[in-house]
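Chains A and B, in that order, are what the protein sequence lines are.
According to this note's numbering, the first sequence is numbered sequentially starting from 1.
According to this note's numbering, the second sequence is numbered sequentially starting from 1.
A couple of the hints might just be wrong.
[Claimed, not checked] Computed Cβ-Cβ distance ranges for the label pairs, DEER-style:
| # | chain 1 | residue 1 | chain 2 | residue 2 | range |
| --- | --- | --- | --- | --- | --- |
| 1 | A | 160 | B | 190 | 36 to 44 Å |
| 2 | A | 160 | B | 294 | 15 to 23 Å |
| 3 | A | 42 | B | 87 | 45 to 53 Å |
| 4 | A | 16 | B | 118 | 32 to 40 Å |
| 5 | B | 236 | A | 132 | 36 to 44 Å |
| 6 | B | 88 | A | 159 | 12 to 20 Å |
These aren't lab readings, by the way, just hints derived from the structure by calculation.
Positions of the beta carbon are idealized from the N, C-alpha and C atoms, including for glycine.
Spelled out from the first residue to the last, the chains are:
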Amino acid sequence: MAEIATSPTYRRAGGLRRLLERYPFLPALAIVLVLLALNGIFSPNSLSYRSLTGLLSTYMALILLAIAQTYVVYAGDIDLSAGSILSLVNVAIIVLMERWGGGAGAVLLALAIGLLLGLACGLVNGLVVAALRLQAIVATFATSIFFTGLALYILPVAGTPAPTIFWRTYGGRLLGLPFVFYILVGLVVLLAVLSRTRLATQLLAVGDDQQAAYQTGLPVVAIRIRGYLLCGLFSALAAFCITGDTASGDPLVGGKMTLFSVAAVVLGGSALSGGWGTVVGSLLGALTIGLISSVVFFMGTPSEWQNFVQGLAILVVLMAGVLAGRRARP
Amino acid sequence: MSRVTSFLRQPIVVALALIVLLLYLGALLSPGFASGAQILRLLIVASLLGIVAAGQNVVILGGREGIDLSVGGVVSLSAIIAGNVMNGADIGILPAIAACLVAGAFFGLLNGLGITLLRIPPLVMTLGMLGVLQGLLVVIRMGIPSGQAAPALSRFVTQPLFLSVPGIIWLWVAIGILMAFMLNRTVFGHRIYAIGSNEHAAYMAGVPVRLMRIALFMISGMFAAVAGLCLLGYSGSSFANVGEQYTLTSIIAVVFGGTSLAGGKGGYTGTMAGAFLLVILQGILTTVNIDESGRQMVFGATLLLLMMFYGRGRAMRA
């Protein structure tokens with residue numbers, strides 16, 4: 001309570017502090033490195049090229065979903081429907097690819113429609129939260145139920161397989177390198193471009209102080225809608241990855257991933273109250289969640305204890321993420 | 001005139017009007033939906049949700065982004081603890097109640113400590129706790145059978161107790177009266193509103209803000225535990241993650257009751273109406289003959305539509 005009673009003090013930033021301010025995702029990076037080391041200790045094989053590629057292709061969907069979540073969290077919003085957008089896009093592209101014969105052209109066309117679908121879902125969320133001014137937590141929970149219903153309508157039961165060309169490409173190699181590496185490089189480029197756009201700054205400005213942003217003349221409603229559009233777009237990209245990884249459609253595949261995506265954002269040091277965060281942190285946060293379950297497995301934890309140890313470890317790093325993130329804030 | 005409109009705009013009036021409207025609609029869609037027996041059945045289901053929402057309500061009223069995402073986990077945990085302690089025997093009911101309340105209070109205490117001492121945002125803390133609880137459930141389930149409800153508990157929840165109304169509905173009414181008394185007539189209740197509307201001012205006025213917040217999360221855990229116990233009585237035996245559905249629906253019930261998620265404004269009477277409203281809506285959707293997919297779409301869209309009646313944010317003004 002002391003922080004409320006006393007007026008804020010502005011100390012001169014020390015070396016470590018300044019480093020944290022500049023690279024707020026450093027704690028997340030440290031956690032990832034520690035977890036990688038632990039993985040190596042318990043099972044040296046898990047640090048092999050092949051295992052790490054496998055880890056990346058399994059968790060690429062969560063990475064993208066965490067990044068999707070980050071853009072709405074920038075603006076102080078939240079999207080509890082991100083996982084159901086992922087499910088919806090997953091079943092939509094699976095059904096379209098199957099219906100159109102599963103050739104390369106069909107796959108590309110289905111992916112394009114998947115992106116549009118993700119954007120449409122993001123637009124719905126943006127309209128109900130920013131334009132209709134409903135509370136983000138409950139409104140996106142309601143839209144998540146709607147999107148799940150839509151996914152169930154498109155594909156009532158899990159199972160339709162993805163065309164061979166699709167999952168072979170995702171899990172395969174291109175010019176001697178695993179395909180997920182190209183996705184990662186493409187993602188990093190995309191994030192770098194996005195972080196230099198006006199939109200990223202505007203989202204952070206809205207999240208930091210909505211009233212101030214409005215009085216500066218920023219179109220707050222439009223900016224928040226754009227945040228949800230980005231979220232829908234990245235959720236669709238996440239759906240492509242999960243489709244490549246599981247090679248099938250499942251109308252409920254993303255249900256459990258929503259809360260993990262929120263956790264990954266927090267792990268990455270972003271503030272849920274908005275105005276502060278990095279997408280790189282969220283990427284590392286998603287990797288942290290993946291690495292924790294891998295460490296828990298390689299440690300030889302009895303199977304019934306795995307979820308508990310994993311939950312406990314995530315809670316601990318969540319706390320660490322919050323505390324470190326607060327340190328980093330100027 | 002303005003007095004009439006302000007009366008009509010009160011959340012509880014809106015909720016009650018919607019309840020009547022939905023019951024009427026339900027009776028149109030399937031005759032007998034609004035019969036006394038059916039309404040009692042809906043009220044039993046609503047009381048389970050309403051009891052969870054009572055805890056959620058005080059946490060939200062306490063402000064500072066107060067929210068408890070771990071209630072679903074506590075409900076499941078409590079159901080399995082109760083099932084094992086009583087194991088189908090009436091003699092075990094009192095120990096089961098005690099064990100559930102202790103467990104609920106314990107996890108609420110952990111939430112409260114993380115939120116006040118480490119200043120972890122409630123959403124993050126309780127989300128992490130939900131993960132821990134779900135893991136714990138797996139551990140418990142592997143080691144022991146799920147357990148049976150005692151006959152007396154099942155009767156309390158499902159059979160008429162007094163004036164042909166089941167005991168759980170009386171319990172819910174009692175909780176409603178208790179909550180209204182606590183929130184409106186006690187120092188503790190006024191302090192909840194105080195920290196919810198202006199934490200700094202409350203602190204300056206000598207309210208033990210941290211202790212209050214810890215207490216609120218403990219209350220939330222205990223209400224979730226009571227709901228888990230009653231849920232066991234309702235279904236006879238507990239199964240995996242029975243409580244999961246309560247996490248977000250309890251928040252929606254609070255919102256439909258007119259309590260602002262920003263804290264400091266609202267009350268429990270509205271939340272009771274909100275819980276009943278939500279359960280009627282689900283009841284209607286299960287009686288009409290449509291696919292699961294259509295049901296979910298209608299449910300989601302209706303929730304959005306209903307939210308339009310409640311506490312929309314203010315438009316930005318310079």
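Evaluation of the provided hints:
no. : hint                      : in the structure
1   : A:160 x B:190: 36 to 44 Å : 58 Å, violated
2   : A:160 x B:294: 15 to 23 Å : 20 Å, holds
3   : A:42 x B:87: 45 to 53 Å   : 39 Å, violated
4   : A:16 x B:118: 32 to 40 Å  : 20 Å, violated
5   : B:236 x A:132: 36 to 44 Å : 42 Å, holds
6   : B:88 x A:159: 12 to 20 Å  : 39 Å, violated
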